[in-house]
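Protein chains: 2
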Amino acid sequence: MNNCYIQNTNFIIISTYINKKTNLMRIIVCGLGVVGQSFLKLLLASSTSLYKDYGIKPRIIACVDSKGIAYSPTGLDLEKVLTTKQNFGSLKGFDGPKLDYVNYIEDLDAEVFLELTPTNLQTAEPGLSNIISALRSKKNVITVNKGPLALSFSSLIELADYNNVMLRFSGTVGGGTPVLEFAKHCLKGDKITSFTGILNGTTNYILTRMADGLPFHEALDDAKQKGYAEANPSLDIDGDDAAAKLVIMANWIMGYKVTLRDVDKVGISNVKQEDINKAAIEKKSIKLIAKCDKNELFVKPIPISKDDPIYVNGTLNAVTFRSEHSGEQTIIGKGAGGMETASSILRDLIEIRQNMTTYELV
Amino acid sequence: MNNCYIQNTNFIIISTYINKKTNLMRIIVCGLGVVGQSFLKLLLASSTSLYKDYGIKPRIIACVDSKGIAYSPTGLDLEKVLTTKQNFGSLKGFDGPKLDYVNYIEDLDAEVFLELTPTNLQTAEPGLSNIISALRSKKNVITVNKGPLALSFSSLIELADYNNVMLRFSGTVGGGTPVLEFAKHCLKGDKITSFTGILNGTTNYILTRMADGLPFHEALDDAKQKGYAEANPSLDIDGDDAAAKLVIMANWIMGYKVTLRDVDKVGISNVKQEDINKAAIEKKSIKLIAKCDKNELFVKPIPISKDDPIYVNGTLNAVTFRSEHSGEQTIIGKGAGGMETASSILRDLIEIRQNMTTYELV
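From first to last, the protein sequence lines stand for chains R and H. If you count the first sequence from 1, you need to add 6 to reach my numbering. If you count the second sequence from 1, you need to add 6 to reach my numbering.
Check each hint, because a few of them may be wrong.
Stated by the list, open to error - What the simulated footprint calls covered on chain H by chain R, stretch by stretch (three residues with Cβ under 8 Å from a Cβ of chain R suffice, anywhere in the stretch; the number is not a length):
| id | segment |
| --- | --- |
| 1 | 315 to 322 |
| 2 | 335 to 342 |
| 3 | 350 to 358 |
Calculated directly from the structure, the hints in this document are not laboratory data. None of the values given here were measured: they were computed from a predicted structure. C-beta atoms are modelled at their ideal positions from N, C-alpha and C, and glycine is treated no differently.
When you get a sec, could you build the whole thing from the sequences and use the hints?
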């Protein structure tokens, strides 16, 4: 970059001094399940508007799944990546320059690392190690993997700050519903004092069906049949998924330093039909509620009034924020979905890009 | 300002080069009803955090109501302004340097003009002329007055752009609930294709009471008694207030160029008990719905399913946004309230301040 000399003028638009080099946004995608594939499709569909509206030209230089790597330093053909994944079930058969698994995160030059491997709430791996490698090699990180954040939130944020890069994770809470953005950006000048939410769609669906009269196991089978519950649904049923989201929100929104172990957690497998009937008499329904305020951090099934804005049915998620001056606000949306969650990755990407533009003179 | 020399360094934080002069935020407050007074109280309560968190030191240099002006070029004593207003019912008795009503908007040096006079949906006055004067004299404008925007949205935005200042109006829709901010800032990279909302708390309260079995006139009297409806409630009842908000949202969020006359509008005074009973059989309630999509721009009472996230009771407001990739999101909150609306003015003030910091080198 040439040195630039800022003159004594009243209105100088800073963006004039930002060099074109920041247009470069090389991305490594690690994990190519439903969300990863949806993200590639979303990029294919919105590349024109991304450049027009935000000046972003994303270039996917590597896609990695558990069996293979697709790599091209000049940018992958995303159609070809998607076709390979569809035809072979993995990237093993991808035809192109070879790249070794070991150290690829550190070795590749890229601006953004996408961590989309499955959530593991015991060890947070492989996501945790991937994110640490990416941050250490000064890559911005976007993840939809709750494990690393639920177990090591503060140290990851510190690592990102230390390396002068961003760590973003909008898709970990609310899927495509911008719950974290709402809390961070829409209430400036105010202070959120507490929040209460329904953060897990699977258990909300099961409890909705139980309120219709189905016993727990039939409601669970119905959820499995509809694809709302995994074959092993314990992450949802036991409240771990909701607790992980609660931890992420408590850290990010309230500035707490808590992990999964700090959550007082009760799942829904002991909810009895008689509890549901008792609630119904008071015009309430049992919901798996996650709550965070000064004295409480819990996930438990409790009765909620049908007049409460967070009373939502089916697979919907809802969160009510309470703030000092602007009252209570509730945000409701689908908590999952491939394309919806992919849209949250795109939002993070745009935020990272805008931050790069503001803070860097290249 | 001294000239500054930017060296050939990769990470230079631009804010370092922004001079202190932008800290100056002189404000004229025009209209000192419930919202205006709440705003002054909010400033008194949050001055420390405003400076700490956002670098803002607001200085109210003039407060104007229909009978008098309080003026001090070095910043008014807000406690004294509030006491005068409380004791005399107006600012007529304010003891301080005198200022003439005529041309004070143009003549005073200030960064921000707050337009808080009552909404007039016929002529938009006096708000419209006030806003035009302020924009022409290169002042940023914040208003919670729906009239000028419902009748002249596009030309006011153009005037602001031409004069290189901002026009903000978060409090016109949703009171303290950040409906406009949500739509503008939380769905980046996506495109809102339509929205549906309950935008008027008074009519929602009346329809809620009617669903409880009260006839229209008794429900209206109840709303008046509780302070939810004005003595002359026609702005609410006839759907004008909801239509004005719909117009503001359609222009700002969807980029339409529409005014009040473009809204297909039906009020609630002809809603019959039999309509309500018929809806109840289908587990629905009649709500005054505002809708905007490609082919429709209407406000009318229609039956809404109790399972729909925008189904809210009492004085609550709710809006569902539909977008291309991230699905449907609903935001619910109190649509009015002095302190809540004041908090929206504070948000606008912070946004204006942040914009000044980004674009100016003084």
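For each hint, the structure was consulted:
1. As drawn, the segment 315 to 322 of chain H meets chain R at 5 residues by the rule of a beta-carbon pair under 8 Å; at three or more, the given contact holds.
2. Only residues whose beta carbon comes within less than 8 Å of a beta carbon in chain R count, and the segment 335 to 342 of chain H has 6; three or more means the coverage holds.
3. Taking a C-beta to C-beta cut-off of 8 Å, the segment 350 to 358 of chain H contributes 6 residues in contact with chain R, enough for the three needed, and the coverage statement holds.
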